[in-house]
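Enquirer: Place chain B on chain A using the hints.
There are 2 protein chains.
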Amino acid sequence: MDLNDRQHKIIQIVREKAPITGEQIAEQLSVTRATLRPDLAILTMSGFLEARPRVGYFYTGQTSGTILSEEVRKLKVGEFLSSPVVIEESASAYKAVCEMFVEDVGSLFVVDNSGLLAGVLSRKDLLRTAIGSQDMNQVPVSVIMSRMPNIAYCKHDDTVVDVALLLITKEIDAVPVVRKKGNGFEVIGRMTKTNITRAFVSLANVGESEKGDSE
Amino acid sequence: MDLNDRQHKIIQIVREKAPITGEQIAEQLSVTRATLRPDLAILTMSGFLEARPRVGYFYTGQTSGTILSEEVRKLKVGEFLSSPVVIEESASAYKAVCEMFVEDVGSLFVVDNSGLLAGVLSRKDLLRTAIGSQDMNQVPVSVIMSRMPNIAYCKHDDTVVDVALLLITKEIDAVPVVRKKGNGFEVIGRMTKTNITRAFVSLANVGESEKGDSE
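Sequences listed follow chains A and B, in order. Under UniProt numbering, the first residue of the first sequence is numbered 1, with each subsequent residue one higher. Under UniProt numbering, the first residue of the second sequence is numbered 1, with each subsequent residue one higher.
This is chain A alone, in the form it adopts within the complex (with noise of 0.2 Å):
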């Protein structure tokens, strides 16, 4: 939202001395009151400014990024996962290769013989074991697997941006959606990098499906 340069002035004087009633705020910009209350009203709405009755304006200390940024952080990984796909820890390195070719995804999550998370099995982890000399049928994927504890995951009810800074953090491309299961995680989703483009793109064609309800 772009705001004229007396709201910008608005804003800078409220910061610096709310709270401050608009009959003050007019004052300070030698217009009167009435000039003023689309442009305090619009503040307002857009979430700048909070009006409380009898005292004044305060700074909300939001900036149109701010604001743009809660729209972002609104997204969830519920509404952006995909299906994960699983491999047994007993699975050879050769399998998940042609397992991966054949889902076409670029990680796979491994799991114990309770179905429970018990690894991440990434494009990069079979590369390095392919050049390397062991042979790709004998090796068992818990033998190359990134192994729990030591791997990042995240919920349903996440936001789509915390994913996205673990995958920066951690240097990764995917982590598993998982929900506790007895001692364990069982796994019922996958977030990757491209469900973040996905998320992305979302973000510039909100316009759409804001036409029908059902999205």
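No wet-lab data here; the hints were simulated from the structure. Computed from a prediction, not measured in an experiment: that's the story for all the values here. Watch out, some of these pointers could steer you wrong.
No copy is singled out in the list; a pair is fine if it fits within one copy or between any two copies.
Straight line, CA to CA, 30 Å or less: simulated DSS-like cross-link-like pairs of lysine-lysine [stated by the list, open to error]:
| id | residue 1 | residue 2 |
| --- | --- | --- |
| 1 | K95 | K124 |
| 2 | K95 | K170 |
| 3 | K74 | K170 |
| 4 | K170 | K124 |
| 5 | K170 | K181 |
| 6 | K180 | K74 |
| 7 | K170 | K155 |
| 8 | K124 | K155 |
| 9 | K170 | K76 |
| 10 | K95 | K76 |
| 11 | K155 | K9 |
| 12 | K17 | K155 |
| 13 | K17 | K124 |
| 14 | K95 | K9 |
| 15 | K124 | K181 |
| 16 | K181 | K95 |
| 17 | K170 | K17 |
| 18 | K76 | K181 |
Expert: Only chain B this time, still in chain A's reference frame:
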């Protein structure tokens, strides 16, 4: 930005009857023109309605979604690209894998002997070769890469959204950022799903960078 009920009603009326004057809108809502003034000011300044003097109000077609989407569409490749990692066509697949691990990237851009973009090599291409029967030291990257003109690329001034869409629709992880040079393209950067993820995170944090003008 959260609009109130009356503001939503006003948008609805203008959508149906534009051009329509403030007086006529007030009449429809059984309120005075003065009551509506702040609402109309907000809707105009935030871009939902357009006011043409002596004609009336028009609906711009914008929703809070499209206003957010405009912010997202302002992000350009130039702000988010990473340095490209290039390799020569004649290099071996084995050398490419090493390069990928040393530089910690998921894609290499292959250049011909004039330094122009000839192809793109992904981790997936290398993994496919690695589990095949060929000797990685004997296969040149030119044999296993995706080759011009069948590769997607972007320019420095493209929007991040367009690149994100390209990565999703082509089901690839990275595109080279190129600049025209002679009969081909010089590689000046790379845009990957990691860069899109960073752009996404930046949207959630723009508030911070707005504090200073330097960013």
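Enquirer: Is the C-alpha distance from K170 to K17 at most 30 Å within one copy, between copies, in both cases, or in neither?
Expert: Neither: 43 Å inside a copy, 54 Å across copies.
Enquirer: Checking K155 and K9: alpha-carbon separation at most 30 Å within a copy, between copies, both or neither?
Expert: Neither. Shortest intra-copy (43 Å) and inter-copy (38 Å) distances fail the 30 Å Cα cut-off.
Enquirer: Could you place K17 and K124 in one of the four classes (within, between, both, neither) given a Cα distance threshold of 30 Å?
Expert: neither (56 Å within a copy, 59 Å between copies)
Enquirer: Evaluate K170 and K76 at a C-alpha cut-off of 30 Å and name the case that applies: within, between, both or neither.
Expert: both (20 Å within a copy, 25 Å between copies)
Enquirer: Regarding K124 and K181, is the shortest C-alpha distance of 30 Å or less found within a copy, between copies, in both, or in neither?
Expert: Answer is within: at 29 Å inside a copy they meet the 30 Å cutoff, but 33 Å across does not.
Enquirer: From the Cα coordinates, with 30 Å as the cut-off, is the pair K95 and K124 best called within, between, both, or neither?
Expert: Answer is both; intra-copy 15 Å and inter-copy 15 Å each pass.
Enquirer: Is the C-alpha distance from K95 to K9 at most 30 Å within one copy, between copies, in both cases, or in neither?
Expert: neither (65 Å within a copy, 59 Å between copies)
Enquirer: Indicate which option fits the pair K181, K95 if close means a Cα-Cα distance not exceeding 30 Å: within, between, both or neither.
Expert: The answer is within: 27 Å in one copy meets 30 Å, while 44 Å across copies does not.
Enquirer: Check K180 against K74 for me: Cα-Cα at most 30 Å, and say if that holds within a copy, between copies, both or neither.
Expert: within (23 Å within a copy, 40 Å between copies)
Enquirer: With identical chains treated as interchangeable, where does the CA-CA distance between K17 and K155 reach 30 Å or less: within a copy, between copies, both, or neither?
Expert: Neither: 43 Å inside a copy, 47 Å across copies.
Enquirer: Tell me, please, which holds for K170 and K124 at an alpha-carbon limit of 30 Å: within, between, both or neither?
Expert: For K170 and K124, the Cα distance is within 30 Å both inside one copy (14 Å) and across copies (21 Å).
Enquirer: When no copy is named, should K76 and K181 be tagged within, between, both, or neither for a Cα gap of at most 30 Å?
Expert: within (21 Å within a copy, 43 Å between copies)
Taken one by one, the earlier hints fail for this structure at numbers 10, 11, 12, 13, 14 and 17, listed in ascending order.
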